[in-house]
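Chains as they are written, first to last, in our numbering: chain A, 1 to 81; chain B, 1 to 135; chain C, 1 to 276.
Note that these hints are calculated values from the structure, not bench results. You may find that some hints are simply not true.
Quick list of in silico lysine-lysine cross-link-like pairs, DSS-like style, CA-CA up to 27 Å [as the list claims (entries may be wrong)]: (1) A:80 - B:111; (2) B:111 - A:24; (3) B:130 - C:111; (4) B:111 - C:271; (5) B:111 - B:134; (6) C:89 - C:111.
Single-letter residue listing:
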Amino acid sequence: MIWQVEFIILFLVIICGIAALWVKDLLSAAILFGAYSFMMCILWAVMGAVDVAFTEASVGAGVSTIFFVAAVFRTSRRTKD
Amino acid sequence: MDDMIAIILSKYNYWTVITLMMIGLYAMIVKNNLIKKIIGMNIFQTSIILFYVSMGMKKDATIPILEHHPGMQEHVYHAADYINPLPHVLMLTAIVVSVATLGVALSLALKVYDQYGTLEEDEINAKIRKASVKS
Amino acid sequence: MKLIGMISIFWLFIVLVYGTSDFSAWGDPESPCNLHVSNYYIEHAMSDTSVPNIVTAILADYRGFDTMFETAVIFSAGIACFFLLRRPKYDAPEAVVFRHIQTGITLRIEKGGRLPKESDEFERIDTQWVPYDLVIQVTSRILVPFIQLFALYVVAHGHHSPGGGFQGGVIFGAAIILFAVSNTLRKTTHRVSEKRSAVLCAIGVLIYAGTGVCCLLAGGNFLDYSALSGLLGVDPVTARSHGIMMVEMGVGLAVTMVMIWIYYNLSSAGKQHEGL
Numbered sequence: 001m002i003w004q005v006e007f008i009i010l011f012l013v014i015i016c017g018i019a020a021l022w023v024k025d026l027l028s029a030a031i032l033f034g035a036y037s038f039m040m041c042i043l044w045a046v047m048g049a050v051d052v053a054f055t056e057a058s059v060g061a062g063v064s065t066i067f068f069v070a071a072v073f074r075t076s077r078r079t080k081d
Numbered sequence: 001m002d003d004m005i006a007i008i009l010s011k012y013n014y015w016t017v018i019t020l021m022m023i024g025l026y027a028m029i030v031k032n033n034l035i036k037k038i039i040g041m042n043i044f045q046t047s048i049i050l051f052y053v054s055m056g057m058k059k060d061a062t063i064p065i066l067e068h069h070p071g072m073q074e075h076v077y078h079a080a081d082y083i084n085p086l087p088h089v090l091m092l093t094a095i096v097v098s099v100a101t102l103g104v105a106l107s108l109a110l111k112v113y114d115q116y117g118t119l120e121e122d123e124i125n126a127k128i129r130k131a132s133v134k135s
Numbered sequence: 001m002k003l004i005g006m007i008s009i010f011w012l013f014i015v016l017v018y019g020t021s022d023f024s025a026w027g028d029p030e031s032p033c034n035l036h037v038s039n040y041y042i043e044h045a046m047s048d049t050s051v052p053n054i055v056t057a058i059l060a061d062y063r064g065f066d067t068m069f070e071t072a073v074i075f076s077a078g079i080a081c082f083f084l085l086r087r088p089k090y091d092a093p094e095a096v097v098f099r100h101i102q103t104g105i106t107l108r109i110e111k112g113g114r115l116p117k118e119s120d121e122f123e124r125i126d127t128q129w130v131p132y133d134l135v136i137q138v139t140s141r142i143l144v145p146f147i148q149l150f151a152l153y154v155v156a157h158g159h160h161s162p163g164g165g166f167q168g169g170v171i172f173g174a175a176i177i178l179f180a181v182s183n184t185l186r187k188t189t190h191r192v193s194e195k196r197s198a199v200l201c202a203i204g205v206l207i208y209a210g211t212g213v214c215c216l217l218a219g220g221n222f223l224d225y226s227a228l229s230g231l232l233g234v235d236p237v238t239a240r241s242h243g244i245m246m247v248e249m250g251v252g253l254a255v256t257m258v259m260i261w262i263y264y265n266l267s268s269a270g271k272q273h274e275g276l
């Protein structure tokens, strides 16, 4: 655990989280949410929770992004906020 | 000054957790689009998981996989050498349950879109109000 | 609404940050949550179960009852998606589109029309058809078996390295979802039908509960795998290791099939005749 690395990743996590809620295109929001999940996964790997990081890498960055894309594909892509 | 830095270094992780939690809560309260609300809910969930994982952290300890090789049968393991595995177990199942609940939430959003033709909350409210006035 | 939300969240933030002043410092080995029962797990996991990965040992053995109901929650989420979205079969599509492969002519057959016979000359395509991308199809066809093999490795090697039933199951489901995304949904449902996925995920939960019942019948407590030592013909410690393996396979099966099932229903909005 190196605190500089962790500091940078924590910052990136917050940036990705805000960006996922900021963008007006729901497909981009889904992909940014995948990036958020992957940053979170790196953070947990740095903290030594390897099993949790592995689960998040397969679930958060893999399957839940696909679920979001499928739901956006079946509904509308644009949003007002 | 040194006290201040010590406090920041020992607490900044919790502050990040609270920031993420507030971002998620803000999205759930204020955002108008249902998919955005679901993304906010997921951010809230991951912040809770991050909180648990940082609770189980130990300084100068290694990952919770025990060192083992033949000829180590009589070895005594010390708890201070390994990171606390209990929060990891609780959170591992929570992540998989969160993706299952995400599926349910998205199918509810799909159902709402089928019924009202939009995902914006204010438009849905207007349509419900119009329908109730008519009847 | 925006202002009220902003103010309430700001106040909650202040209160929670004030609350962290009572927390023990980050990474403190002496903090209350790092004492008590978790130390017992670390010190005794190897001698009790002979599983070096403590997370797997706690997940499937010490707290096995907990994990059983987590699996049941995932199963019921799959059922909830099915009941929310699935349209019945007799709700036939408006029009079906076929494509003549040699000439590239598309035929649009309205509801009630006569469909062409099953042959190599015609193939059914989606109404919003995008020409097949050869690169994506070939690449994913090569990738899918390796992803599946890796998933099986993750399940089987969960005792000694990070991994286990949940991770392996999700990766296996992701491999089939990749196939469904790169090809069509119909091709995938032809290979893993919806009925089969539903039955198999119920069987996964049943394997988990059945292992517990086997322990009960062998004279131990529910999910106390050391009672299986007579049945498996090994000493009690190895029996616990084998019991964890059986349970992990049940979890993996249930999670795989639930992921596929939810994807089928979400991507086709319940109609299941054309997807992403």
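Checked hints:
no.	hint	verdict
1	A:80 - B:111	20 Å, holds
2	B:111 - A:24	22 Å, holds
3	B:130 - C:111	34 Å, violated
4	B:111 - C:271	13 Å, holds
5	B:111 - B:134	23 Å, holds
6	C:89 - C:111	14 Å, holds
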